[in-house]
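K.L.:
Residue numbers (my numbering), protein chains in the order written: chain A, 1 to 209; chain B, 1 to 209; chain C, 1 to 209; chain D, 1 to 209.
Take these hints with a grain of salt, some might be off.
Which copy? The list can't say, so a pair holds if one copy fits it or any two copies do.
Straight-line alpha carbon distances no greater than 30 Å define the calculated BS3-like cross-link-like pairs of lysine-lysine that follow [as the list claims (entries may be wrong)]:
1. K55 - K26
2. K26 - K67
3. K67 - K55
In case anyone wonders, no lab produced these hints; they're calculated from the structure. Please read these numbers as outputs of a predicted model, since none were measured by experiment.
Number of protein chains: 4
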Amino acid sequence: MPPTNGSNAADRPTQILNAAIACFAKRGFHQTSMHDISAEAGISVGLIYRYFANKEAVIAALADRHKREIQALVEQARLAPSLLEAMEVLFTAHCCESSPKVISAFVVDLYAEAARNSDVADFVRDMLDTLLTGVTDLIARSPEAAQMQHGLEPREVAELIFAVARGMLMRDILQPPQMTAAERRTRQLEVTRRLWRLLFENANEPALA
Amino acid sequence: MPPTNGSNAADRPTQILNAAIACFAKRGFHQTSMHDISAEAGISVGLIYRYFANKEAVIAALADRHKREIQALVEQARLAPSLLEAMEVLFTAHCCESSPKVISAFVVDLYAEAARNSDVADFVRDMLDTLLTGVTDLIARSPEAAQMQHGLEPREVAELIFAVARGMLMRDILQPPQMTAAERRTRQLEVTRRLWRLLFENANEPALA
Amino acid sequence: MPPTNGSNAADRPTQILNAAIACFAKRGFHQTSMHDISAEAGISVGLIYRYFANKEAVIAALADRHKREIQALVEQARLAPSLLEAMEVLFTAHCCESSPKVISAFVVDLYAEAARNSDVADFVRDMLDTLLTGVTDLIARSPEAAQMQHGLEPREVAELIFAVARGMLMRDILQPPQMTAAERRTRQLEVTRRLWRLLFENANEPALA
Amino acid sequence: MPPTNGSNAADRPTQILNAAIACFAKRGFHQTSMHDISAEAGISVGLIYRYFANKEAVIAALADRHKREIQALVEQARLAPSLLEAMEVLFTAHCCESSPKVISAFVVDLYAEAARNSDVADFVRDMLDTLLTGVTDLIARSPEAAQMQHGLEPREVAELIFAVARGMLMRDILQPPQMTAAERRTRQLEVTRRLWRLLFENANEPALA
DNA sequence: TATGAATGAGCGTTCATTCAT
DNA sequence: AATGAATGAACGCTCATTCAT
């Protein structure tokens, strides 16, 4: 009686998407064959086509799911008790072991794909806009924002935060594979706090000194 | 008197690499066929194999060249009259129209490749280390560093700068293709100055006010 | 009281064959998938296999039905008040709009299939023999035959008539699709009468002149 | 030193087309795989694609070649010393053993294809028009035409001749495979002469009687 | 040095057929 | 009687790589 098993035959599309993201993370979109996905999922190739029109549709579905996860992440961040904690939620989501989560390699592949395929570019741009808007709002409404002395608009701060996030996500890729998700998470938290201090605190510290 | 003409038949490897990076930027590593490269270079497929063992070797050679260009960029940045100008050199190198320079899509592809191929990962890590060390040194020796009040070590500042740089490089990919290199460069300069103010100036400005 | 309603669920085989011939006429045997047939019939794929062993069996059953229709056509022609009218019945049967009748594309496909499958060839040969014998008999017993001056045996005349019939059936395929069944029928009648004059009248006409 | 060997590597396109028509005649367009063709030609699959864009292009090239053979046949018929001999040339061309000639099964497949693909239909219609025009002209200029008493226009006679030709070509398919080309040719000549008598002589014979 | 014909494994995709329900 | 999920061999086609010239 496997209830929440992500690979359960009862939800083939999810099972296929989980297998697909595992393969894409390991080998990238274009080096992953439909056979790779079917083998990872433990099903036949033909079965994938019962649920997805073609390989592109698998990628699109995965991108859609990623977008929904991202939106959920923003909602979750909104509930955080402080802006710092909200940022920590957003910044460490991709430091995870398991498949149905945001994975660095997948996102970098998505950007690489966006460089040649304008449909993908539109999609990623839209996804990024959702994130930016969410975080801009988060900042604008936070008490810390009032104390910012660097003169940047909330949107500009959000852009800077996401530039760092993307940059760290790429950095993540270079970590030796034996590094655990926990270690990567720790590293990421350090960066977040460093950025935090820069954006929201350093104008105050002289006052305290 | 070596012929430095990039497209000269006398320097086949360079001619091939120029063709390759043009193709890779347009279509990515794995969607670019050896025929694509030979056609772009105006030579036959077989000739590529006289100079490069296989497709991977072409990518590796291109990565090597990229590394040398990056090193040259650091040297160039070192000669800049101020740290801000040095950063502007480093941050706008990828906003260029033509082939033998840093190209966003190529770099993102390189990171994507690093995610699956540990040789590539080692290479990119090494390249990044070169850059980081160069810039750390640049910061440590700059007069501005003495005035920094945010408590970050020069290496940490360098890491932050490159995180933003990588993040902006990914952002660059999403810009509509009709945006010119000049426009993208302007955008990039804005970010650099914003980051600059954050890292080196904002603690001072209240003092001046 | 057997339900003769062609599309009634109570007569699955007929329903399936009707769907099949519609598909075959539209796309040909080998471009028609079992799914196409099941969709056209509004049933599931599996159900076809309850009534027919495989796709070939569907074709064979359709060929059988076609043979029975052809035999009925010969019987009908036999009842015609004159030989000319009998010929007109035989020659215009394939100029029809709807499914369960003689369809040009299906017959040409059947001959094409006969070229590679000797079972099909035997079947078609047998079907043709039935037709030829029937028409030979028709001619031999007609009053017009006595006046023929071209010296051909009734069987030879029948062969010639069917050669023209097959030839016109192929011609029919080339007609633009917007041509209606009625128009094609008119065209076919012209040919029939022309052939008629040639076979049975032209020796007489000078005498009448 | 194979000089005129139709399968010589020196003329790959011809070699491929010869292999293709052999396969198409044996199995039909849609049951013939590219592998079948490459095996028949004794080359690899990939090589076919050096000379033909895809399977359709192979069929199109074959159709084109067929059209040119047909045109040559009409020219050849024009040179025949009498109209009867011209008709014999036209009617017996498809009774041949070897590949690069008109083959009944191929033509019937072409018509079957024309039924679903309007490009093919246009092509076949054009080919038929060439033939009809050529033969109409042949008839109009022949001395026998003057004596025709059946009242048919040369174009109508030509249409009738080709209807019979197509009909006999379909008949040809049903002949047992052990029947030699020579036997089929003999059969075909009989039909031609029978038709000849009908069209051009029977008005005269009473006069001779 | 340079060509491009040739190979064949592997890709994305389809579909006849089976079978648990 | 009826469904449609599931299989997997086979299709059309591509491309990295080799090699005779």
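K.L.:
Evaluate each hint against the coordinates.
P.N.:
Hints, one by one, checked against the model:
1. Proximity of K55 and K26 under a CA criterion of 30 Å is satisfied in both settings, with 16 Å inside one chain copy and 20 Å between copies.
2. For a Cα distance limit of 30 Å, the shortest separation of K26 from K67 qualifies both inside one copy, at 20 Å, and across copies, at 25 Å.
3. Taking the shortest Cα distances, K67 and K55 sit within 30 Å of each other inside one copy (18 Å), while across copies they are farther apart (34 Å).
Comparing the model with each numbered hint stated earlier shows that all of them hold.
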